[in-house]
Amino acid sequence: MEILNFILEAGFWVATVRMATPLIFGTLGELLCERAGVLNLGIEGIMAAGSMAGWTWVYFGGDLWTGVCFAAFVGALFGLLHALFTVHLGLSQHVTGLGITMLAAALSSYVFRMLLPKATTPPKIVPFKAFAIPVLSDIPYVGNVLFNQSALTYLAFAAVIVVAFVLFRTPVGLAIRMTGENPMAVEAQGLSVFAIRTWTVMAGSALMAVGGAFLTMSAFDAFYIGMVNGRGWICIALVVFASWKPGKALLGCMLFAAFDAVQMRVQQQSGMTVPYQFYLMMPYIFSIIALIVMSRRAAYPRALLVPFRKGER
Amino acid sequence: MRMEPRENVSVAVRALAPLIAVAAAMAVCSVLLLWGGASPLEGWALMLKGALGSRFAITETLTRATPLIFTGLAAAVAFRAKLWNIGGEGQFYMGAVLATWLGTGALSLPPYLMIPFLFLAGAAGGGLLLLAPTLLKTRLQVDEVVTTLLLNFVVLLFVNWLVFGPWKDPMAMGWPQAAPVVDSAVLPQLFAKSRLHLGFVFAVLFAAATWWFMRSTVWGFEIRAVGASPKASRFAGMPVNAVTVRTALLSGGLAAMAGVSELCGVKGYLTLDLSPGFGYSGIVVAMLAALHPLGVIASAVFVAVVYIGADSMSRAINISNYIADVTTAVCLLAVLFSMFLTKYRIRWR
Chain A
1 MEILNFILEA GFWVATVRMA TPLIFGTLGE LLCERAGVLN LGIEGIMAAG SMAGWTWVYF
61 GGDLWTGVCF AAFVGALFGL LHALFTVHLG LSQHVTGLGI TMLAAALSSY VFRMLLPKAT
121 TPPKIVPFKA FAIPVLSDIP YVGNVLFNQS ALTYLAFAAV IVVAFVLFRT PVGLAIRMTG
181 ENPMAVEAQG LSVFAIRTWT VMAGSALMAV GGAFLTMSAF DAFYIGMVNG RGWICIALVV
241 FASWKPGKAL LGCMLFAAFD AVQMRVQQQS GMTVPYQFYL MMPYIFSIIA LIVMSRRAAY
301 PRALLVPFRK GER
Chain B
1 MRMEPRENVS VAVRALAPLI AVAAAMAVCS VLLLWGGASP LEGWALMLKG ALGSRFAITE
61 TLTRATPLIF TGLAAAVAFR AKLWNIGGEG QFYMGAVLAT WLGTGALSLP PYLMIPFLFL
121 AGAAGGGLLL LAPTLLKTRL QVDEVVTTLL LNFVVLLFVN WLVFGPWKDP MAMGWPQAAP
181 VVDSAVLPQL FAKSRLHLGF VFAVLFAAAT WWFMRSTVWG FEIRAVGASP KASRFAGMPV
241 NAVTVRTALL SGGLAAMAGV SELCGVKGYL TLDLSPGFGY SGIVVAMLAA LHPLGVIASA
301 VFVAVVYIGA DSMSRAINIS NYIADVTTAV CLLAVLFSMF LTKYRIRWR
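As they're listed, the protein sequences go chains A and B.
Mapping of the first sequence onto our numbering: position 149 corresponds to residue 149, and the numbering continues sequentially without gaps.
Mapping of the second sequence onto our numbering: position 100 corresponds to residue 100, and the numbering continues sequentially without gaps.
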């Protein structure tokens with residue numbers, strides 16, 4: 001019963017929305033890439049690079065919003081590298097993606113240590129503050145949960161709407177989706193599969209990096225090595241859970257974050273009956289179960305993982 | 001830009017390509033050394049000296065290469081069958097957990113029985129750990145990349161619980177570690193005053209055995225055929241799913257042996273830092289070796305040189321030791337690129 005009361009508290013939902021934010025960015029980014037037919041296993045590293053880039057920008061005197069832009073730019077660069085290898089050279093998306101993750105994570109740690117060699121405790125920046133939207137935030141309960149969050153959280157919700165609109169209501173979105181389903185047909189229309197995939201992977205990677213930047217610039221105020229801590233991999237599972245649809249992705253991220261918030265709370269309350277490590281396992285096991293449940297209905301983009309070469313069948 | 005397939009690429013070119021790629025990767029990473037205020041030539045020379053400059057350095061490098069050979073073989077075998085086993089880290093710890101369970105007093109055997117038994121038991125554990133994601137792949141088409149990756153976190157948390165909870169050694173002054181393995185389970189040292197242990201010999205023997213297995217047995221042929229084209233293999237009447245499951249048991253077993261070897265050869269007891277990411281580095285090792293089991297030995301030694309050498313270099317010229325991680329990642333990408341260039345020619349027009 002105590003858990004039920006806890007779930008009804010506004011504070012629980014405020015925390016859930018906050019914890020869902022990096023996942024929303026990451027899942028949307030991965031979803032975009034996969035819709036164009038490219039699996040991006042670089043996500044874990046790209047999120048780390050984004051969290052480092054945004055934080056560093058602000059720490060060295062930059063302003064918060066340009067820091068977000070810088071993080072997105074760094075993410076797009078790693079996306080470009082991924083696209084060069086997988087789209088243009090047609091190399092294994094699995095291995096390249098892991099390589100990008102290793103490179104981006106290692107570079108973030110290296111650059112951080114080189115810029116701040118003497119820092120023993122991670123230095124801090126002034127992060128995004130919660131911004132109460134006038135009028136809307138006065139709505140009882142819901143106002144506090146949805147309209148008294150940090151600016152990046154609003155941006156995440158806006159990104160869901162933008163990505164959904166672009167994918168399903170614009171010619172560009174149609175081209176992206178077709179590229180993921182049937183690249184030959186796209187080429188027959190006189191469009192370039194290479195260009196579409198490259199730009200989409202860059203845009204998706206930029207979104208992932210902003211998700212990483214949320215961690216250092218909104219959720220916490222410092223950069224720690226290893227702070228992404230598997231969130232990227234969970235986003236990949238969430239894309240399958242969402243069957244490649246932005247709205248369902250938002251739902252999946254919220255569910256996942258709520259679940260995570262509950263396990264944290266249970267962990268605090270139950271004393272020592274179940275060791276805390278088993279609660280920490282839950283998000284990963286939950287992701288695996290979600291993959292199993294959704295696998296029956298999984299309608300993968302048909303050209304996912306298939307490299308495209310002009311004139312080859 | 002246009003790609004043309006190359007025909008008749010000689011063995012020499014294919015063997016040389018990864019070497020050129022590694023050289024190119026080092027050149028790229030030199031930028032990072034320059035930024036740190038060091039001369040790249042001096043830096044790389046210090047790295048070589050730190051890894052190969054003395055008898056002690058060489059034995060340390062080979063000690064570090066030992067688990068990498070096992071995890072590299074694990075990745076090579078799986079990737080050959082297009083089974084994307086990214087769970088080497090979890091399987092590594094699974095092997096170490098089973099070796100701890102059986103090797104800390106649960107049974108007493110003479111060393112010549114105890115050590116092979118622990119390797120077999122560990123391998124069974126690792127193989128079974130990979131079996132679950134593989135069955136999900138063959139039965140339900142659940143992507144094994146994500147499931148094997150997520151299982152790494154689960155296994156690591158399980159080990160965390162063991163070493164902080166039921167297996168915590170009361171004699172360890174409060175450190176989170178399990179009790180040491182019994183004397184008969186300790187892998188003997190190969191030379192006096194070095195950490196190099198019998199596990200290295202095992203690793204090399206397993207690489208040779210894997211090479212022979214993949215090349216000369218029906219099961220090895222089936223693994224390669226399924227990897228090359230599952231459709232054609234199914235058409236030829238091969239039990240594709242059964243082959244994938246066999247590959248999983250082999251791959252998971254090899255990765256787990258890395259854990260047994262580190263536990264019984266180097267540390268002696270289970271801790272959370274038994275592996276600094278050997279499971280993930282194994283993927284790099286396998287790719288550098290172009291998935292060739294014998295090449296895995298060479299590439300494991302190379303990756304060990306980078307790690308051991310970068311450690312002493314970073315201390316000598318005062319730059320971050322993350323340079324080792326960056327260098328191996330760039331090497332991986334450069335080797336991928338070189339493998340492409342041996343298959344295709346780029347024409348600009």
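The set of hints was computed from the structure by calculation and includes no laboratory data.
Among the hints, erroneous ones may be present.
Selected chain B positions facing chain A (Cβ under 10 Å, derived; list incomplete) [to be verified]:
1. 35
2. 39
3. 41
4. 140
5. 149
6. 150
7. 154
8. 326
9. 330
10. 332
Pair by pair, the computed Cβ-Cβ distance ranges are [claimed, not checked]:
11. A:114 with B:294: 36 to 44 Å
12. A:65 with B:54: 33 to 41 Å
13. B:131 with A:182: 43 to 51 Å
14. B:232 with A:121: 20 to 28 Å
If the Cβ cut is set under 7 Å, some of the chain B residues that face chain A in the computed set are [what the hints assert, rightly or not]:
15. 138
16. 142
17. 153
Backbone N, C-alpha and C fix where the C-beta goes; we use that ideal spot for every residue, glycine too.
Hints, one by one, checked against the model:
no. : hint                         : in the structure
1   : 35                           : holds (7 Å)
2   : 39                           : violated (16 Å)
3   : 41                           : violated (20 Å)
4   : 140                          : holds (5 Å)
5   : 149                          : holds (5 Å)
6   : 150                          : holds (4 Å)
7   : 154                          : holds (5 Å)
8   : 326                          : holds (4 Å)
9   : 330                          : holds (6 Å)
10  : 332                          : holds (4 Å)
11  : A:114 with B:294: 36 to 44 Å : holds (38 Å)
12  : A:65 with B:54: 33 to 41 Å   : violated (53 Å)
13  : B:131 with A:182: 43 to 51 Å : violated (35 Å)
14  : B:232 with A:121: 20 to 28 Å : violated (58 Å)
15  : 138                          : violated (12 Å)
16  : 142                          : holds (5 Å)
17  : 153                          : holds (5 Å)
Hint compliance for this structure: hints 2, 3, 12, 13, 14, 15 are not met, and every other hint is.
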